[in-house]
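Number of protein chains: 2
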Amino acid sequence: MKIAVVGIGIIGGSFCKAIKKNTSHYVIGLNRTKETLAQALSDGAIDEIGDIDSLKKADIVILATYPKASVEFVEKYGEYLKGKIVTDSAGIKREICPQMVELSKKFGFEFVGAHPMAGKETNGYKSSDADLFKGASYIVVPCEASDEAVNTICSLGLEIGFGSVKKTDPEEHDRMIAFTSQLPHVLACAYVLSPCCPNHKGFSAGSYKDVSRVANINAKLWSELFLENREPLIEELITLRENVTMITDAVQQGNKERLEQLLEQAHQTKEMLGE
Amino acid sequence: MKIAVVGIGIIGGSFCKAIKKNTSHYVIGLNRTKETLAQALSDGAIDEIGDIDSLKKADIVILATYPKASVEFVEKYGEYLKGKIVTDSAGIKREICPQMVELSKKFGFEFVGAHPMAGKETNGYKSSDADLFKGASYIVVPCEASDEAVNTICSLGLEIGFGSVKKTDPEEHDRMIAFTSQLPHVLACAYVLSPCCPNHKGFSAGSYKDVSRVANINAKLWSELFLENREPLIEELITLRENVTMITDAVQQGNKERLEQLLEQAHQTKEMLGE
Numbered sequence: 091m092k093i094a095v096v097g098i099g100i101i102g103g104s105f106c107k108a109i110k111k112n113t114s115h116y117v118i119g120l121n122r123t124k125e126t127l128a129q130a131l132s133d134g135a136i137d138e139i140g141d142i143d144s145l146k147k148a149d150i151v152i153l154a155t156y157p158k159a160s161v162e163f164v165e166k167y168g169e170y171l172k173g174k175i176v177t178d179s180a181g182i183k184r185e186i187c188p189q190m191v192e193l194s195k196k197f198g199f200e201f202v203g204a205h206p207m208a209g210k211e212t213n214g215y216k217s218s219d220a221d222l223f224k225g226a227s228y229i230v231v232p233c234e235a236s237d238e239a240v241n242t243i244c245s246l247g248l249e250i251g252f253g254s255v256k257k258t259d260p261e262e263h264d265r266m267i268a269f270t271s272q273l274p275h276v277l278a279c280a281y282v283l284s285p286c287c288p289n290h291k292g293f294s295a296g297s298y299k300d301v302s303r304v305a306n307i308n309a310k311l312w313s314e315l316f317l318e319n320r321e322p323l324i325e326e327l328i329t330l331r332e333n334v335t336m337i338t339d340a341v342q343q344g345n346k347e348r349l350e351q352l353l354e355q356a357h358q359t360k361e362m363l364g365e
Numbered sequence: 091m092k093i094a095v096v097g098i099g100i101i102g103g104s105f106c107k108a109i110k111k112n113t114s115h116y117v118i119g120l121n122r123t124k125e126t127l128a129q130a131l132s133d134g135a136i137d138e139i140g141d142i143d144s145l146k147k148a149d150i151v152i153l154a155t156y157p158k159a160s161v162e163f164v165e166k167y168g169e170y171l172k173g174k175i176v177t178d179s180a181g182i183k184r185e186i187c188p189q190m191v192e193l194s195k196k197f198g199f200e201f202v203g204a205h206p207m208a209g210k211e212t213n214g215y216k217s218s219d220a221d222l223f224k225g226a227s228y229i230v231v232p233c234e235a236s237d238e239a240v241n242t243i244c245s246l247g248l249e250i251g252f253g254s255v256k257k258t259d260p261e262e263h264d265r266m267i268a269f270t271s272q273l274p275h276v277l278a279c280a281y282v283l284s285p286c287c288p289n290h291k292g293f294s295a296g297s298y299k300d301v302s303r304v305a306n307i308n309a310k311l312w313s314e315l316f317l318e319n320r321e322p323l324i325e326e327l328i329t330l331r332e333n334v335t336m337i338t339d340a341v342q343q344g345n346k347e348r349l350e351q352l353l354e355q356a357h358q359t360k361e362m363l364g365e
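From first to last, the protein sequence lines stand for chains A and B. Count the first sequence with the numbering used here and you get residues 91 to 365, in order. Count the second sequence with the numbering used here and you get residues 91 to 365, in order.
Bound-form chain A, shown alone (with noise of 0.2 Å):
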């Protein structure tokens, strides 16, 4: 197959040089930055420097911009779109998917939603690696497309190295999300802003520096990411004050008790799920 991915960040690409390391797959990468195209053709990421019309070639076209800019660019150039399978890797997707699938049917093109779930507190193409799809979960939000054409999007993922395919709706998706990967990235920021912080080396170990990791964020990309799904995110922020509130409650008051059963209670989940 041909496929065509836009935008070469760190998740583009990482799905560029996943294809090149696992498949025959050609691949012809779009990118604003001309400089970032030259450098991918030369690590052997891609087959092709494209530009809008080589879009016409592929059969896949793989999104990989921030997810405004995805559905901006569908709007712009889904004429090229027509007869393809198209896929995203946004982060959000109540916001995305409605959109995506109105322009898909309005230019004739198959649209599966997808969020690959992985990532590092650095971005850019020059984070970009191969492997970084290793053993990682692949969220895919199949929305109106076909079968044949969801199951060519699973597909391509195990393929190129993801560790399984997890199917799911954009409202679980977003809501789920909100949970696992943005409050982390919240608790990670307001964590770092504590007067503390500037001071933490040789006071600090592994809890520090998990807990601190992403607080190295992409302010603009997480800003957007962050309004797109407010109602979840500010749920699971609710959720998250009321059991902080508990916990500094019962040390407040000095209750042993029931602080050490709040703390088992967080253990047993853990234990629960195996971690």
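Read the hints as simulated data drawn from the structure, not as lab findings. Be aware that a few hints might be false.
Since the list can't tell identical chains apart, any single copy or any two copies may satisfy a pair.
As the list claims (entries may be wrong) - Derived SDA-like pairs: lysine to any residue, alpha-carbon spacing no greater than 20 Å straight-line:
hint	residue 1	residue 2
1	K299	T212
2	K346	L131
3	K299	E211
4	K299	Q358
5	K360	S217
6	K210	H357
7	K310	Q358
8	K299	G364
9	K299	E365
10	K257	P188
11	K291	E361
12	K147	G198
13	K299	L363
14	K310	K360
15	K110	E138
16	K224	T113
17	K299	V255
18	K146	F197
19	K299	Q355
20	K360	G296
21	K291	A226
22	K310	R320
With chain A held as given, fit chain B onto it using these hints.
Showing chain B alone in chain A's frame:
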């Protein structure tokens, strides 16, 4: 030197193994559960299964039990500690150090407080590791000990693999530990108490894993640590709730500029620290 280690759990066991791996000191192990001592002897982690009388021949005594239990041990067996250097591994210092200093005067030993900044989300001798302290920070709280005693403990720390020694006082220790260690443990527990947690699989990746790791907590030990460091911990919890609230408000109000500014501030903090 002859070194007695009291309490052969993850920390005490790691001290034994690290001393045997990196030095030629003689290690005497003391522990309530005798099976653990037999195992440690057969592993070569200790040279001798000790009892209270064995303390008399030690030059250094490392207390590696729960904080309060360390004080109780010294209250009970202080007469066996005369002339020795005694150190501990408690994660709280304002509560422990003054009592130990008083006991050191009563029984004629030198007390050097210490806190190895290393651990795992599991515990017990089975989790101990000769390399647990490798590259970690060894926090040393000299209290009223002589320079010679303090230097002996610092040198031993570096000799057995710690990457650095940080000298401090009980107040700074407890304030910083509330931020670097206790707060991440509260956050991890509060986080996994979300009703979404049991269903996270397929929707999660590194940020879930990192923020939730230490929720697999030893509820009894950490309840003791939280309650004995109440004021600094509560202060950090209040700061954190304020920071979470700032971010929540920006999301709720759809204030993209404010949200980006807060996330960028977090990003800059990590960048400045070279993380």
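| Up to 20 Å CA-CA - E365 versus K299, copy category | Classified as both: same-chain Cα gap 19 Å, cross-chain 9 Å, threshold 20 Å.
| said: For K310 and Q358, with the copy left unspecified, which applies at a CA distance of at most 20 Å: within, between, both, or neither? | reply: between (37 Å within a copy, 13 Å between copies)
| field | Up to 20 Å CA-CA - T212 versus K299, copy category | value | both (15 Å within a copy, 17 Å between copies)
| Given a CA cutoff of 20 Å, do K360 and S217 count as a within-copy pair, a between-copy pair, both, or neither? | between (31 Å within a copy, 17 Å between copies)
| Intra- versus inter-copy proximity for F197 and K146 (alpha-carbon distance at most 20 Å) | Within. Shortest intra-copy distance 13 Å satisfies the 20 Å Cα cut-off; inter-copy 86 Å does not.
| message | Within a copy, between copies, both or neither: which one fits K291 and A226 at a CA-CA cutoff of 20 Å? | response | Result: close only across copies, 11 Å inter versus 32 Å intra.
| said: Within, between, both or neither: how does the pair K257, P188 come out at a Cα-Cα threshold of 20 Å? | reply: So K257 and P188 pass the 20 Å test inside one copy only (17 Å; across, 59 Å).
| Is it within, between, both, or neither for K210 and H357, if the alpha carbons may be no more than 20 Å apart? | Answer is between: at 14 Å across copies they meet the 20 Å cutoff, but 27 Å inside does not.
| message | As a check of your reading, is K346 near L131 (CA-CA no more than 20 Å) within one copy, between copies, both or neither? | response | Neither, since 61 Å and 36 Å both go past 20 Å.
| Status of E138 relative to K110 across identical chains (alpha carbons, at most 20 Å) | within (12 Å within a copy, 58 Å between copies)
| query | Which holds for K224 with T113 at a C-alpha limit of 20 Å: within a copy, between copies, both or neither? | reply | This pair counts as within: shortest intra-copy Cα distance 14 Å, inter-copy 41 Å.
| task | Up to 20 Å between alpha-carbons, please classify K291 paired with E361: within, between, both or neither. | result | Answer is between: at 14 Å across copies they meet the 20 Å cutoff, but 31 Å inside does not.
When the structure is compared with the earlier hints, a violation turns up for hint 2 alone.
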